[in-house]
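Keeping their order, the protein sequence lines are chains A and B. Letter by letter, the first sequence follows residues 1 to 293 in our numbering. Letter by letter, the second sequence follows residues 294 to 794 in our numbering.
Don't read these hints as lab results, they were simulated from the structure. Just so you know, even glycine gets a beta-carbon here, dropped at the ideal spot from N, CA and C. Accuracy of the hints is not assured; some may be wrong.
Claimed, not checked - Here chain A is said to cover these stretches of chain B; the calculated rule only asks that three of the stretch's residues, wherever they fall, bring their Cβ under 8 Å from a Cβ of chain A:
hint	stretch
1	549-559
2	623-630
3	764-777
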Amino acid sequence: MNINLYDGFLLPFLQMLLLAAFAPMVSGIIKKTKALLQNRRGADIMQDYYDLRKWWKKKTIISPYTGFVFMLAPFMYLLSTMLAAFLLPNMMSNLTFGDIFVFVGLLAIGRFFMALSSFDAASAFGGMGGSREVYIATCVEPVMLLAALAAILKSGSTSIYTMAMNSGTQLNVAVVLACIAFFILLLAENGRIPVDNPDTHLELTMIHECMLLEYSGRLLAVIHLASMIKNMLFIVLFSLIFFPIDLHLVIKVIITAIAIAVMESLNNKMRLFKVRAYLLATGGLLLLAIVAQ
Amino acid sequence: MIKVKSTGLRGAANVCSHNGRNPLTAMFACDETVLGQGYAIYCLFEDCHAHDIQVVRAQFEMDEELKYESLTPLFPAAAWYEREIFDMFGIEPLNHPDLRPLVLHESYPEGFYPLRKKVAVDANIHGEREFKIATAQGEGLFEVAVGPIHAGIIEPGHFRFSQAGEAILQLDAKLFYTHRGIEKAVEGKTVDEALFIVERICGACSIANTLSFCQAVEKLSEKSVPRRAWVIRTCLAELERLYNHVGDTGNLCAGVGFTVPNNIGARLKELLMRCNEQVAGNRFLRGMIVPGGVLFDIDEEKRNVIASTLDTVEKEYERLVQILSEQDGFLNRVKNTGIVLKKTATDLSMVGVGARASGFSRDSRKDLAYGIYPELSFDVITEQAGDVYARLLVREKEVRESIKLVRQILELINSEDNSGLRAADLTYRAEEGSWGISESARGSDLHWVMLDKNQKIYRLFVRSASYPNWPALPVALHGEIIPDFPLVNKSFELCYACLDR
Chain A
1 MNINLYDGFL
11 LPFLQMLLLA
21 AFAPMVSGII
31 KKTKALLQNR
41 RGADIMQDYY
51 DLRKWWKKKT
61 IISPYTGFVF
71 MLAPFMYLLS
81 TMLAAFLLPN
91 MMSNLTFGDI
101 FVFVGLLAIG
111 RFFMALSSFD
121 AASAFGGMGG
131 SREVYIATCV
141 EPVMLLAALA
151 AILKSGSTSI
161 YTMAMNSGTQ
171 LNVAVVLACI
181 AFFILLLAEN
191 GRIPVDNPDT
201 HLELTMIHEC
211 MLLEYSGRLL
221 AVIHLASMIK
231 NMLFIVLFSL
241 IFFPIDLHLV
251 IKVIITAIAI
261 AVMESLNNKM
271 RLFKVRAYLL
281 ATGGLLLLAI
291 VAQ
Chain B
294 MIKVKSTGLR
304 GAANVCSHNG
314 RNPLTAMFAC
324 DETVLGQGYA
334 IYCLFEDCHA
344 HDIQVVRAQF
354 EMDEELKYES
364 LTPLFPAAAW
374 YEREIFDMFG
384 IEPLNHPDLR
394 PLVLHESYPE
404 GFYPLRKKVA
414 VDANIHGERE
424 FKIATAQGEG
434 LFEVAVGPIH
444 AGIIEPGHFR
454 FSQAGEAILQ
464 LDAKLFYTHR
474 GIEKAVEGKT
484 VDEALFIVER
494 ICGACSIANT
504 LSFCQAVEKL
514 SEKSVPRRAW
524 VIRTCLAELE
534 RLYNHVGDTG
544 NLCAGVGFTV
554 PNNIGARLKE
564 LLMRCNEQVA
574 GNRFLRGMIV
584 PGGVLFDIDE
594 EKRNVIASTL
604 DTVEKEYERL
614 VQILSEQDGF
624 LNRVKNTGIV
634 LKKTATDLSM
644 VGVGARASGF
654 SRDSRKDLAY
664 GIYPELSFDV
674 ITEQAGDVYA
684 RLLVREKEVR
694 ESIKLVRQIL
704 ELINSEDNSG
714 LRAADLTYRA
724 EEGSWGISES
734 ARGSDLHWVM
744 LDKNQKIYRL
754 FVRSASYPNW
764 PALPVALHGE
774 IIPDFPLVNK
784 SFELCYACLD
794 R
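Chain A on its own, in the form it takes in the complex:
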């Protein structure tokens, strides 16, 4: 395969930066929609950019009980997420090297480092958050691979690009089932209701936020940016492969963001130990989708 520097590196790199740049805005759209659904005016759509700037300006306080992992983890999290963004199919050229297994693996690396850093400061909350995050990951990852399998069987390739090209323009049972299942995965993977509550500060119920409690200043900004990019990645992936109607990508992303906000407003957080059954049911949906193909 002949890949030149421009198509093989520069364009994906540019796209990766673009994704990162727009990630806080998508997060802002979700928050704004949620606020409107709650009869609130809500913060500006650009609020997440302001928050990132605020954290960037603030002093970073590092607990003396932490080791090098604590410093390393936010950057590993950002780096792995950015690399995953690099693998998404390129809208500007038609390169096919983005592999779904590499994609899932990269995200797992990011999560591994975050879970590691969570108990580095030896606070009870961090350990609690880390253990919950890993518990949910053990539920999410097999189902995610099942979702990948559904897409692989359909497109005959593990390349995200090929999957996106073969995504369902024709509406059938398999497409709808896979769409619902991946949407649930998207909510679970990104710490959204009903699995986790991204807006809560009730220490005892948090999962993702629990792991970040010891972070402040720039390190916190890095983690939040990485989380927003990860959220964005999943929305884009959903739009590319599982979105059942053929529309422009930007419109699909906005519709998905609004759908997330609506889902989060319609539901409440479930009991922690129910997450297993919830994702098992999602796996069942995916199996049905595979069979229906």
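With chain A fixed as given, assemble chain B onto it according to the hints.
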């Protein structure tokens, strides 16, 4: 009142409680050395059949050693009262199962008993004492410390969870962080001066506290409160219960991240509080109730505001109730979570929603039948399950009852003759104790007042609704997982300021 020697307290209390049938409503001490009598411990038992409170007074002689046989083994509800009496007066209950400090934290010196009369109100104290928190030890167990500073806008309280993974083995709470010494501060003040302080013990129970205090002092006076004043007082009390219950219904949803109902609740509460502002000139209905009656009338214009607000709130609240009853995910969280058994509720003498949701039918409006409540028609709502859902259901149904009550009262104000708003120039009998009670949204608020010869407050004791319910929280959490704590906590809607009086 039954008067006994300190050694006879246990026996007298046992008789007065009718073997535990009459719940222990409150227990407190009073330093009567200035009156030449030594210390006294008062035990109040609620006699529901006689619609009265039985008072047992145990007297310590001037030079007697301040020790007595603890009541806690007989009445678990006495545990906190006896700890507080030991903290505040240094009267030691013998054989108390858990006599750790309750109110006074580490910064107080040993042997400092603030409610003794010889301690000055502005005493400058430095000290150190041990404040032990109960924890569990063992292989693989760990502790989670939460607070006293929380991530939300709530009052300070420290919770120590002993955990086995996500499961809660034990919870110990350290409360009373912002104790204001109100009971000490009002000593030596006139009734009218004290009223301003009493009104501000707690924001959400402003009317209930004022009403209890006023009833207590009015019993010491010869004059009676005009009927019209009682009608207006009842209206205010129900408006207060209403806005609390509506807000609390919404708040419960925040415990499970259910944002839309949470915000509907907040909006409806806001409507009711704006209505309060138009009725009383402030959102907490302060400045209306005074000893002898009320200061201001509720005229026709205000009645119309109340009536139209009730119509709006009633309609929208039913929608909120419907959302909550139809959401499976929500019901899954609230059912069978945080169960308080009826036995626990009666043992701890719980009050309010917490008691009624566990099948312990207790409502001071019916049991003690104060004011014009006997004339009004309303039901005491009870549920049997004792879980979070039962407490929610009780609240939802009580909102309907309160709306019904306010509407009845609005009719009464309409048809009322002009019996006056206030009996003026009250004089009070000195050196005689007197109690007053009223039902707040959280349960009954009890005040006990005693005046000295100069018509100044000699002793004020406040037992707010949250006081007997706080100890039920750790019990409700047995066998639960730690992420359910915020939900269970919110279902009780316990108040910190009510303890920090």
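Which hint numbers does the structure go against, in order from smallest to largest?
Of the numbered hints given earlier, the structure breaks none, since each of them holds.
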